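Put chain B on the given structure of chain A with help from the hints.
The residues making up each chain are set out below.
Number of protein chains: 2
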Amino acid sequence: MNVDQIDPLDHRDAGHGVDPLFPRRWSPRAMSGEEIREDQLMRLFEAARWAPSSYNNQPWRFLWGRRGTAEFAHLFDLLVDSNKAWADDAAALVAMVSRTTFEHNGKPSRTHAFDTGAAWMSLALQDTIDGLIVHAMQGFDYDRAEEALNVPEGYTVQAMAAIGRPGATAVLGEKMA
Amino acid sequence: MNVDQIDPLDHRDAGHGVDPLFPRRWSPRAMSGEEIREDQLMRLFEAARWAPSSYNNQPWRFLWGRRGTAEFAHLFDLLVDSNKAWADDAAALVAMVSRTTFEHNGKPSRTHAFDTGAAWMSLALQDTIDGLIVHAMQGFDYDRAEEALNVPEGYTVQAMAAIGRPGATAVLGEKMA
Chain A
2 MNVDQIDPLD
12 HRDAGHGVDP
22 LFPRRWSPRA
32 MSGEEIREDQ
42 LMRLFEAARW
52 APSSYNNQPW
62 RFLWGRRGTA
72 EFAHLFDLLV
82 DSNKAWADDA
92 AALVAMVSRT
102 TFEHNGKPSR
112 THAFDTGAAW
122 MSLALQDTID
132 GLIVHAMQGF
142 DYDRAEEALN
152 VPEGYTVQAM
162 AAIGRPGATA
172 VLGEKMA
Chain B
2 MNVDQIDPLD
12 HRDAGHGVDP
22 LFPRRWSPRA
32 MSGEEIREDQ
42 LMRLFEAARW
52 APSSYNNQPW
62 RFLWGRRGTA
72 EFAHLFDLLV
82 DSNKAWADDA
92 AALVAMVSRT
102 TFEHNGKPSR
112 THAFDTGAAW
122 MSLALQDTID
132 GLIVHAMQGF
142 DYDRAEEALN
152 VPEGYTVQAM
162 AAIGRPGATA
172 VLGEKMA
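Here the protein sequences come in this chain order: A and B. The first sequence runs contiguously to residue 178 in the numbering used here. The second sequence runs contiguously to residue 178 in the numbering used here.
The shape of chain A in the complex, shown without the other chains:
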């Protein structure tokens, strides 16, 4: 089948005149195994960079690895088996980490996770605009991830994500979801 014909808007009924960007973003698991270029990844992180945050603290950090690299393998190893089953076709894996304190005074931030979620959403929407797909995951060992990724004191892992190109079984991925 022609994956270009898969459009979430065919089976998502959005209301209130919302911009199609939002219902068009979905989280398929079926990725093609194709690579994406580093500059394509950087565009996603650039979108995330413009997200708002309390005191403009920008608490989000992205640890990423492109397919075929040691960094990718390192991130992949943290996933639970049910995520490994499909994420091996991702073009990149990302661990999303937040700084739990404010840079300007070192005090605890109430919104570091919330702010990092905002940055993640921007990344996901830029991804959609670019015709890529991204699927966030909490299916990994958080404690092991913080150790394996050398996440320093004062930072915590919020989620991981797989980024890639849509695969031919994207519809199946939707059914699994």
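No lab work stands behind these hints: they were computed from the structure. This structure is a prediction, so every number in the text was calculated from the model and none was measured. One should not assume that every hint holds.
Note that identical chains are pooled: a pair holds if it fits in a single copy or bridges any two copies.
[Stated by the list, open to error] In silico lysine to any residue, SDA-like type, Cα no more than 25 angstroms apart, as pairs: (1) K108 x P153; (2) K108 x G140; (3) K108 x D82; (4) K108 x V81; (5) K108 x E147; (6) K108 x H17; (7) K85 x N106; (8) K85 x P109; (9) K85 x T70.
Chain B alone, transformed into the frame defined by chain A:
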């Protein structure tokens, strides 16, 4: 001055070919005091509704009040004075609350704040698309908010936000930021 001429892109230098939607979204405090219609608000919440979340738990809840209502006054009363100083020109106030557990099994969610931040970002971007402005705040008493808003056990307030139309001193608001 003509507020329509204020464009964050005039003084924001975004890179990597990122979609202008992201740098165009900003957080001015200067709002016009004009109302917005309820269907305009619903469009923002609809955008938020399409955000991804772990197990599709959609943990976000929005408590909102439009200008001139008792609900608005109730939300406004929670703000610190420095936010009251400008938020009285907002068209709506919103408290963003997250459910801390999964609906399907009642277990704690690791990502409820992160997911709610994703929904918030979608709201903010739809707001930008619609020519409105929105400014999130953590400048309020969280404990008092949870009590005053009757936030039930298992839910927690993540942030508040003011939504409105751009005011004539929007440039000043940017300088304050």
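For each hint, the structure was consulted:
Within a single copy, K108 and P153 get their C-alpha atoms as close as 16 angstroms, which meets the 25 angstroms cut-off; across copies the closest is 28 angstroms, which misses it. In this homomeric assembly, K108 and G140 come within 25 angstroms of each other (Cα to Cα) only across copies, at 15 angstroms, whereas the closest approach inside a single copy is 30 angstroms. For the homomeric pair K108 and D82, the shortest alpha-carbon distance between copies (21 angstroms) is at most 25 angstroms, but the shortest distance inside one copy (38 angstroms) is not. Taking the shortest alpha-carbon separations for K108 and V81, only the inter-copy value of 19 angstroms comes in at or below 25 angstroms, while the best intra-copy value is 34 angstroms.
Taking the shortest Cα distances, K108 and E147 sit within 25 angstroms of each other both inside one copy (21 angstroms) and across copies (22 angstroms). For a Cα distance limit of 25 angstroms, the shortest separation of K108 from H17 qualifies neither inside one copy, at 40 angstroms, nor across copies, at 33 angstroms. For the identical chains of this complex, K85 and N106 are inter-copy neighbours only, at 24 angstroms across copies versus 40 angstroms inside a copy, given an alpha-carbon limit of 25 angstroms. When the C-alpha separation of K85 and P109 is checked against a cutoff of 25 angstroms, the pair qualifies only between copies, where the shortest distance is 24 angstroms, while the shortest distance within a copy is 34 angstroms.
In the homo-oligomer, the alpha carbons of K85 and T70 lie at most 25 angstroms apart inside one protomer (16 angstroms), although the nearest pairing across protomers, at 51 angstroms, exceeds that limit.
This entry does not satisfy hint 6, going by the numbered hints stated previously; all others are met.
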